[in-house]
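K.L.:
The lines below spell out each chain.
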Amino acid sequence: MNDAVPVLEMKGISKRFPGVQALAEVDFRLFAGEVHSVMGQNGAGKSTLIKVLTGVHPADSGRILLEGTEIKPSSPLDAQKLGISTVYQEVNLCPNLSVAENICLGRDGAETFGIRWGRMRRKAEALLADLNVRVDVTAPLSSYSIAVQQMCAIARSLSTRARILILDEPTSSLAEDEVRMLFSVVRRLKAQGMAILFITHFIDQTFEISDRITVLRNGLLVGEYPVSALSRMGLITRMVGREIQERGPVRTKDAGLRPPAADDGRGAGNGGPAATPFLSASGLGRRGSVHGVDLEVRGGESLGIGGLLGSGRTETARLLFGIDRAEEGTILIEGRPAQIASPVEAILRGIGFCPEDRKLQGVIGELSLRENIVLALQTKRGVFRNLSRKRQEEIASSYIAALGIKAGDMEMPIAQLSGGNQQKALLARWMATDPRMLILDEPTRGIDVAAKIEIMRQVMELCDKGMAVVFISAEIDEVVRYSNRVAVMRDRHKVGEIESREADEHAVFQIIAGGQT
Amino acid sequence: MKAPVLGIETAATPHPLRRVMRHRIFWPLATLGLLLLFNLATNPHFFAVTVRDGHLYGSLVDILNRASPLMIIAMGLTLVIATHGIDISVGAVVAISAAVAATLIGGELVLSGAHVPRFPLPVVVLAALAVATLFGMWNGLLVSFVGMQPIVATLILLVAGRGVAQLITSGQIITIYYSPYFFIGNGFVLGIPFSLFIAAAVLAVLVFLARRTALGLFIEAIGLNPVAARFTGVRASSITFWVYAVCGLCAGIAGLIVSSNVKSADGNNAGLLLELDAILAVVLGGTSLSGGRFTLLGSVVGALIIQTLTTTIYSVGVPPEVTLVVKALVVFVVSILQSDRIRNRIAALGQIGEAAP
Chain D
1 MNDAVPVLEM
11 KGISKRFPGV
21 QALAEVDFRL
31 FAGEVHSVMG
41 QNGAGKSTLI
51 KVLTGVHPAD
61 SGRILLEGTE
71 IKPSSPLDAQ
81 KLGISTVYQE
91 VNLCPNLSVA
101 ENICLGRDGA
111 ETFGIRWGRM
121 RRKAEALLAD
131 LNVRVDVTAP
141 LSSYSIAVQQ
151 MCAIARSLST
161 RARILILDEP
171 TSSLAEDEVR
181 MLFSVVRRLK
191 AQGMAILFIT
201 HFIDQTFEIS
211 DRITVLRNGL
221 LVGEYPVSAL
231 SRMGLITRMV
241 GREIQERGPV
251 RTKDAGLRPP
261 AADDGRGAGN
271 GGPAATPFLS
281 ASGLGRRGSV
291 HGVDLEVRGG
301 ESLGIGGLLG
311 SGRTETARLL
321 FGIDRAEEGT
331 ILIEGRPAQI
341 ASPVEAILRG
351 IGFCPEDRKL
361 QGVIGELSLR
371 ENIVLALQTK
381 RGVFRNLSRK
391 RQEEIASSYI
401 AALGIKAGDM
411 EMPIAQLSGG
421 NQQKALLARW
431 MATDPRMLIL
441 DEPTRGIDVA
451 AKIEIMRQVM
461 ELCDKGMAVV
471 FISAEIDEVV
481 RYSNRVAVMR
491 DRHKVGEIES
501 READEHAVFQ
511 IIAGGQT
Chain P
1 MKAPVLGIET
11 AATPHPLRRV
21 MRHRIFWPLA
31 TLGLLLLFNL
41 ATNPHFFAVT
51 VRDGHLYGSL
61 VDILNRASPL
71 MIIAMGLTLV
81 IATHGIDISV
91 GAVVAISAAV
101 AATLIGGELV
111 LSGAHVPRFP
121 LPVVVLAALA
131 VATLFGMWNG
141 LLVSFVGMQP
151 IVATLILLVA
161 GRGVAQLITS
171 GQIITIYYSP
181 YFFIGNGFVL
191 GIPFSLFIAA
201 AVLAVLVFLA
211 RRTALGLFIE
221 AIGLNPVAAR
231 FTGVRASSIT
241 FWVYAVCGLC
251 AGIAGLIVSS
261 NVKSADGNNA
271 GLLLELDAIL
281 AVVLGGTSLS
291 GGRFTLLGSV
301 VGALIIQTLT
311 TTIYSVGVPP
321 EVTLVVKALV
331 VFVVSILQSD
341 RIRNRIAALG
351 QIGEAAP
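As you go down the protein sequences, you meet chains D and P in turn. For the first sequence, our numbering gives the first residue as 1, with consecutive numbering after it. For the second sequence, our numbering gives the first residue as 1, with consecutive numbering after it.
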């Protein structure tokens with residue numbers, strides 16, 4: 001392969017943003033018919049590299065060669081015309097338009113005057129059929145799952161006869177079978193000679209799909225490796241730059257912190273650190289959400305909620321935190337009935353919630369890092385018990401130091417921080433409220449290994465000090481690792497509960513599959 | 001402010017002038033300054049302030065006095081806009097507040113002896129403000145609890161409000177003969193127009209609420225990301241509701257000043273198109289229509305820009321038929337100059353100049 005001429009060559013690319021050298025002299029090559037992953041922690045320069053390639057940012061220095069000729073893409077549209085197409089993490093199509101319109105608009109099929117709907121529909125169908133996707137192309141895009149929407153985004157980029165396809169974190173919101181579907185499409189495109197640049201945080205997926213891996217760290221090129229020459233540990237070490245324990249902290253498995261086995265979620269405790277559960281819910285439910293969920297969490301204990309996509313994990317968290325009001329069932333907090341009708345009521349009762357969608361539900365992008373950190377504490381105190389600017393700065397800087405948040409300064413808009421640092425800031429936001437219980441919904445999604453380990457280490461430490469944790473993740477092995485007990489969800493019902501001590505991924509999947517209820 | 005514990009070093013401290021230029025209030029103030037200088041060039045006595053009967057007189061005093069209703073409305077509207085909302089009914093609320101006040105005073109001309117109002121002045125003022133606040137709450141109810149889009153919700157009152165005002169005045173233009181009421185819009189305290197004290201009080205109260213309580217932070221959070229704000233415990237619905245109520249109250253105060261100024265209440269014309277000037281004042285002052293960061297002081301400066309512009313157009317003798325065109329042109333230029341994109345272009349030009357040996 002090394003004799004071949006790469007389709008794309010980036011040489012000595014440098015890019016500086018105020019306060020940060022995002023890329024320094026980075027080289028990158030991409031050959032036809034290969035899948036090439038770019039790996040690195042948050043802030044390593046992956047997105048900047050893509051943005052330089054697709055014309056979002058101009059490079060400060062360096063050259064981009066497309067089949068030997070130098071190009072200077074000035075905008076994403078320009079890059080597209082050159083044959084470089086990108087499918088982003090968040091599908092950015094128009095959900096209210098039909099599938100066919102999304103695939104064809106602004107492309108061929110849409111004439112200067114008028115649209116030939118029939119031709120457009122057939123073209124969209126043909127493009128999707130190439131990807132082995134069969135849907136009604138006249139239905140609005142929003143009526144399909146994220147996975148199908150992503151396929152549409154890919155189909156759209158194929159309609160331009162792209163030579164290079166960039167997939168930026170395409171799998172972060174997909175369920176496992178959907179990932180498999182995407183990968184089969186990727187393999188098919190690869191066989192057709194497409195050069196594919198793949199970005200993900202999932203290490204397993206990288207090894208599954210890639211031919212080669214380029215590793216970046218702090219804006220510097222670490223190296224380019226054939227996938228066969230790299231072990232998982234080798235990759236992680238290169239990304240992080242030091243030896244680390246791949247799996248991160250594990251929920252302490254000592255018996256002292258272990259509550260008595262609770263099979264129906266209602267049994268009174270007779271041992272363990274806290275006799276009365278901090279929160280116990282029975283028969284919790286709501287129309288269009290989950291039904292009949294019984295849960296119990298004690299101080300000093302971590303309860304995992306596992307299940308497949310759409311099983312009701314997040315919906316359960318929303319009921320517990322008052323984002324959706326529970327229509328059925330009761331919640332007891334420390335044994336007393338509690339109505340939790342809004343997030344602020346949950347916060348006043350000492351509950352915190354790191355939501356799944358960091359960008360939309362978590363950070364307030366244009367507010368500063370400081371304001372984002374103090375916001376929950378301020379809402380807990382109320383409008384009139386204002387935290388002085390000095391106090392806010394003290395709080396923010398103490399958490400910035402404790403969690404190792406990397407930022408130019410605390411007045412920076414939080415949107416300018418990397419995903420891992422934003423997630424740390426969200427954790428800081430809740431830590432500042434001194435919570436009795438913390439609900440974490442996918443706290444490790446889309447962030448790098450080091451940030452993930454740091455975040456979970458902090459959470460487990462708080463848990464050891466007596467805080468209750470509800471841990472939700474799509475990755476079952478992660479749920480098992482970070483919890484004392486795992487509540488298993490299927491089809492919007494709780495179908496079982498298992499001690500993490502006895503559980504592994506397989507046991508949880510067995511419950512999901514219906515082997516045990 | 002820059003804690004040393006933080007990882008990456010920040011870019012070198014910018015030049016002091018740069019820092020001033022980056023400040024939110026700089027560009028509105030610069031615009032106002034330019035307009036005033038232009039006036040000075042055409043009229044050397046423009047800045048002259050004289051004392052007559054113990055009162056300050058002069059173009060500047062006049063501009064400040066005339067701008068005060070707009071300043072007050074713009075401040076209320078700033079909070080609404082910061083929540084990513086809009087209130088286009090403020091002009092109608094001005095008319096309603098004026099109508100309530102005038103009706104409660106009563107419009108009969110008494111030729112001999114002092115005019116006796118139907119209700120004591122404090123009752124009149126409080127009733128007018130209460131009614132205005134209620135209409136603000138109506139807007140707030142529609143926006144935050146019914147979930148209507150702000151422009152639609154307040155459009156209802158924009159249309160209906162003038163009708164309500166005429167209903168109150170029974171379709172008449174009520175002339176006010178009760179002279180103590182004139183003090184609100186025409187009186188002087190310590191030589192300074194009383195309306196300016198009202199505007200200053202509104203500014204002080206709102207700035208206190210916004211910056212000395214957490215309200216400002218919450219409003220900005222709601223305007224920037226309502227979902228995340230709610231998830232973090234911000235009582236978004238109730239804050240939004242009260243912000244519209246305050247906006248109504250501000251329009252009510254302005255209504256008192258306007259009706260006192262012209263000594264009458266005209267349901268059809270009081271505060272006509274004032275909502276557009278107010279939106280413009282907020283935007284010129286540096287608060288984005290897309291919500292989030294806001295500046296009350298900026299909106300005050302924005303209102304002054306608009307009033308200065310109006311005065312300037314009259315004083316340089318632009319024919320009345322084309323005044324609106326001239327005003328529009330100036331507003332256009334100012335808006336362009338205030339856009340970040342253009343400013344960055346200009347800054348880039350400057351940097352090229354600096355870089356050249």
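Note that these hints are calculated values from the structure, not bench results. Possibly wrong hints are sitting among the right ones.
Claimed, not checked - Not everything, but these chain D residues come out facing chain P in the computed CB check (under 7 Å):
id, residue
1, V56
2, A341
3, I347
4, G350
5, P355
6, I364
7, S368
8, L375
9, I453
Idealized CB from N, CA, C, for every residue including glycine.
K.L.:
For every hint, state whether the structure bears it out.
P.N.:
We went through each hint and held it up to the structure:
1. V56: Nearest chain P Cβ about 16 Å off; hint violated.
2. A341: Constraint on A341(D) not satisfied, violated at 12 Å.
3. I347: 4 Å, holds
4. G350: 12 Å, violated
5. P355: P355(D) check passes; min Cβ-Cβ to chain P is 6 Å, inside 7 Å.
6. I364: Holds: closest Cβ of chain P sits about 4 Å from I364(D), inside 7 Å.
7. S368: For S368(D), the interface hint is violated, since the closest Cβ of chain P sits about 10 Å away, which is over 7 Å.
8. L375: 5 Å, holds
9. I453: 18 Å, violated
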